[in-house]
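Residue numbers (the numbering used here), protein chains in the order written: chain U, 1 to 162; chain Z, 1 to 162; chain A, 1 to 162; chain V, 1 to 162; chain P, 1 to 162; chain L, 1 to 162; chain E, 1 to 162; chain H, 1 to 162.
Worth double-checking, as some hints may not be accurate.
Quick list of in silico lysine-lysine cross-link-like pairs, DSBU-like style, CA-CA up to 35 Å [what the hints assert, rightly or not]:
id, chain 1, residue 1, chain 2, residue 2
1, L, K91, L, K58
2, L, K58, H, K58
3, U, K58, V, K58
4, P, K58, P, K91
5, V, K91, A, K58
These are calculated hints, taken from the structure and not from any lab test.
There are 8 protein chains.
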Amino acid sequence: MAERTWNVYLSGEIHTDWRERIAQGVERAGLPVRLDAPICVHEDSDDCGTAILGAEDKAFWHDRKGATMNAIRTRTLLGEADVVVVRFGDKYRQWNAAFDAGSAAALGKAVITLHGADLNHALKEVDAAALAVCETPEQVVRALAYVIRGELPGRKGSLAAE
Amino acid sequence: MAERTWNVYLSGEIHTDWRERIAQGVERAGLPVRLDAPICVHEDSDDCGTAILGAEDKAFWHDRKGATMNAIRTRTLLGEADVVVVRFGDKYRQWNAAFDAGSAAALGKAVITLHGADLNHALKEVDAAALAVCETPEQVVRALAYVIRGELPGRKGSLAAE
Amino acid sequence: MAERTWNVYLSGEIHTDWRERIAQGVERAGLPVRLDAPICVHEDSDDCGTAILGAEDKAFWHDRKGATMNAIRTRTLLGEADVVVVRFGDKYRQWNAAFDAGSAAALGKAVITLHGADLNHALKEVDAAALAVCETPEQVVRALAYVIRGELPGRKGSLAAE
Amino acid sequence: MAERTWNVYLSGEIHTDWRERIAQGVERAGLPVRLDAPICVHEDSDDCGTAILGAEDKAFWHDRKGATMNAIRTRTLLGEADVVVVRFGDKYRQWNAAFDAGSAAALGKAVITLHGADLNHALKEVDAAALAVCETPEQVVRALAYVIRGELPGRKGSLAAE
Amino acid sequence: MAERTWNVYLSGEIHTDWRERIAQGVERAGLPVRLDAPICVHEDSDDCGTAILGAEDKAFWHDRKGATMNAIRTRTLLGEADVVVVRFGDKYRQWNAAFDAGSAAALGKAVITLHGADLNHALKEVDAAALAVCETPEQVVRALAYVIRGELPGRKGSLAAE
Amino acid sequence: MAERTWNVYLSGEIHTDWRERIAQGVERAGLPVRLDAPICVHEDSDDCGTAILGAEDKAFWHDRKGATMNAIRTRTLLGEADVVVVRFGDKYRQWNAAFDAGSAAALGKAVITLHGADLNHALKEVDAAALAVCETPEQVVRALAYVIRGELPGRKGSLAAE
Amino acid sequence: MAERTWNVYLSGEIHTDWRERIAQGVERAGLPVRLDAPICVHEDSDDCGTAILGAEDKAFWHDRKGATMNAIRTRTLLGEADVVVVRFGDKYRQWNAAFDAGSAAALGKAVITLHGADLNHALKEVDAAALAVCETPEQVVRALAYVIRGELPGRKGSLAAE
Amino acid sequence: MAERTWNVYLSGEIHTDWRERIAQGVERAGLPVRLDAPICVHEDSDDCGTAILGAEDKAFWHDRKGATMNAIRTRTLLGEADVVVVRFGDKYRQWNAAFDAGSAAALGKAVITLHGADLNHALKEVDAAALAVCETPEQVVRALAYVIRGELPGRKGSLAAE
């Protein structure tokens, strides 16, 4: 019987390489995971609405058209995810990441947060809704390896009972 | 890993070629999309109930039998769609299109409306529940290309982070 | 034990007196009904968004602000209704009425449509989702009187078994 | 028949007087509104978990105990709200406010955001899920007055059709 | 604090006095119960649709109009019941009673069936979805007295721990 | 793109060949349909519980064990069906068929009933929840052919717009 | 405006006075709380099924009849609770308490567990689904006082912002 | 058409070979079943949280990190199961098994319990929510064989009507 594919949605910060590091880790470990994400080209994500549907004079509606366009993707992919990883970085306020975390929690998804320890206090409510709080992308990969296959670093090849 | 297939339901107007134009655009762009639609042969859609289940004297029940027969299809296909495109034209009142939009919104589907700007005011409540308001089928295709693959016209080949 | 109050939401046409006729009939019959409705002053309904949140240059966004403002009311009151009556008239396309009907049906509400027989064919899909199709406001009142108390015109005082 | 009471949950910033201004406005207008909110005494909100359940050495678990304690309140009151107002201020990252907005949207609540125009771009995804975007508490009050009673500033006493 | 009122919907057979016996038992025991039921005047229940909405030539549509009219009542009252009692008698096939039981079970309601032991085999699937299978209306009353207040016949006044 | 497979659950009567006739019709028409059904060997269906889990002295518990064992199958297959066909015959009371219809309707499935016209009055509430009322298995097949592919007898090869 | 009443369901151990201590604490603090619980007279809870519905020879079915009778109460009261407190003691295995906790968590209720620290390891999965883990009934009362009114022991009269 | 695969989640006891016996039985019978389970290496299951996310001083938080890590797996696999088998043994209190049973029941899954008759009384509430109560893994396999294919031991090759 074919191994189950796990859908993992990677929400949040788009300016560092955390998604690539998770993707590489998942591939290296050979995990049966489909990774989904928002469109991560910043300008495209900002301009997609007006580029497709026509320009706007006001920045507010320019933004609105882009935000709802991107929401078509988010709603669908986050909505069918098994696990939603939400990454918070230092630079931006990333309210959309916290918004995604709130949606995911309300939909009963397994949420994993990913951020430095310096953000612990500011993110305490979001972390409280998560099933794992990671500091590095590698921890996310190890969490997936354990959750999906029971592989634990430094242990003999443990296996899920199947 | 196989690319995800997106289910897109095309609701509304059946007298113009907008569905064909979306189908062609989707095919040309090679998008992983399954397009579904109601039965679009007008007479068949009207007569299907009585043709299969027996004639009726009253137009009201003739119509009812057809409407519920068609609803078997709509309920199933709209119910599993990721995206519901709803097209409004000039000629008919197309209350069934607006009804589908209401159902889709209540079910949490991503709704895209498609109509000329002259209908903006009349459709303001429906548009307000949509994540994109398009004027041409080609805009719908471009929206799908961006949402699914991050492709944006006039930009260098942007890619979703996967 | 206090009699149960039924919540009835009256959606659709705002240019005739059908809501008043239902309200009078309900009062005359002494039915335990709370009637809710959208804001029915046409200009206010159109302008509420910009009047409160600030003007817009484009008609499209003027309309959008109003439509979402009105949606706060609709979503709440329609969402807690037991019965949703949807009225269609001759003059306007009233796509918002059909949209409300679609939402109500998807939410499992009991839908009653109210329109002239000349609209039967155009409304066949909406009517097919309704539990009663009325032509006059008085029929709606009689339907409520029967449904709530078992009162039927021309019958001896029939009573629900309580 | 008694007027319907609207439940409005006020989420977000706790360091300015926006909740008081909404409360005063609602009272002055005599609106049938029950206002709910998180516990807004900052230290108490931070320390409630350990004060009741026992101290923790690590700040992380100190925070966790507080966050889940507060979540008992939030989950209940936000869960039964008709309208969720989410306030974002300048000083803090307020990821919990965005998290609440995400939960509220996923639960189908009517969301109103409240923030200065300077935050428009950063909040575009959250605003896109809101039915109204306000800049002042007084706009929130006016929105409630319109939504509940149809009252619009500068118009003759308009009334909901009831 | 006022005692909680339990909503109990009494579905099924309308030709014997079982509802009256439950009502009397509930009243005698002073239980905080609101009893709801379909309209139980047989002819009215059959004719309500055409009496209000206009006559039909075909018996099939005459029946349909009545059935959907009655469904407005059933959907609302069964939908808010805590407990649904479904009575099966000897004479009729009462498919509507079994239909109500199926709806109630799918909605997560507590179902109690009420029928003679001679129907046990025929009703085994329905009974399997019930939380109690009673043979007499008095057993239903005793079940309610126990469930609501912990009163058990022949025991000293047992009480729920409140 | 591979054609969508429709899941059709065939509930009800097990003593005639209606399921075989539907299966043959579906096969002949080459429809992409997966047909599911309860276990239709009468004695096995009756005895499965005790045969597997141990004998019971009382017929009531013998029946219960069988009914819940069969419910494992029904709950799963009916729960993922797109269309639920419910067949009523002359001989038995088939309350389980009506129970399945009630469950299916409450779960929002498309319900098709199948019975002779002589049962119309007795089944009026069940029929009122169905989207098609058929008298013969062949009509069910034709309904599926139309709903899935837009094929209508006596019409030129009409096609769904895909 | 009347203060909101919080529904708190007290599940689990029935052999100690923890419910009384919570009830007294709630009353002393004057909290607006309705406390619900299963029937806590052990023999009645065990025998209720057969006492009302008729004796059984086998202990298994004696127990089944009692368990489903009690489930009518549990399903209703736990189903409308805001907060579910689940108490585990030393003596019994109390699988029904853990079952209730699982149901409550799946239904999105706020769960509070109550048990000695010696049970921490055995209850780690249940505690992980709880928003507060208490060791004494007095902690539960203090948690309710904080959650409902913002009252925290040893702090000046803090108040929820309403 | 390919045979449907049934998802069966095996929850509970991890110290005996019951999962292996079910796996062997399923394989021997050639049943189309995907078996899922929690990670069953006891130490790994206990330590997974801290091994991946960092050590904790307190046993309570060591346990919490492990429990929520394991919950990512449970929530996903139990959440998509058709059938949840819950095994209770003699040695441990296995509150997590009962918790899983409560979750599964609240989610509408078909639950099968597996335990010795000596635990019948202690497990009566859990058994009451199950559709089958087995004493041996072989009975679980036979139940699956019947439910999926209609195979019954000692009967001639009975077949599901497909």
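Here is how each hint holds up against the structure:
Distance hint between K91 (chain L) and K58 (chain L) is fulfilled; the C-alpha atoms sit about 26 Å from each other, no more than 35 Å. A threshold of 35 Å between alpha carbons decides the hint, and for K58 (chain L) with K58 (chain H) the separation of about 54 Å lies outside it, so the pair is violated. Pair hint K58 (chain U) plus K58 (chain V) does not hold up; C-alpha atoms about 47 Å apart against a cutoff of 35 Å. Between K58 (chain P) and K91 (chain P) the CA atoms are separated by roughly 26 Å; this keeps the pair inside 35 Å, and the hint holds.
The suggested pairing of K91 (chain V) with K58 (chain A) holds, with an alpha-carbon distance near 33 Å, which does not exceed 35 Å.
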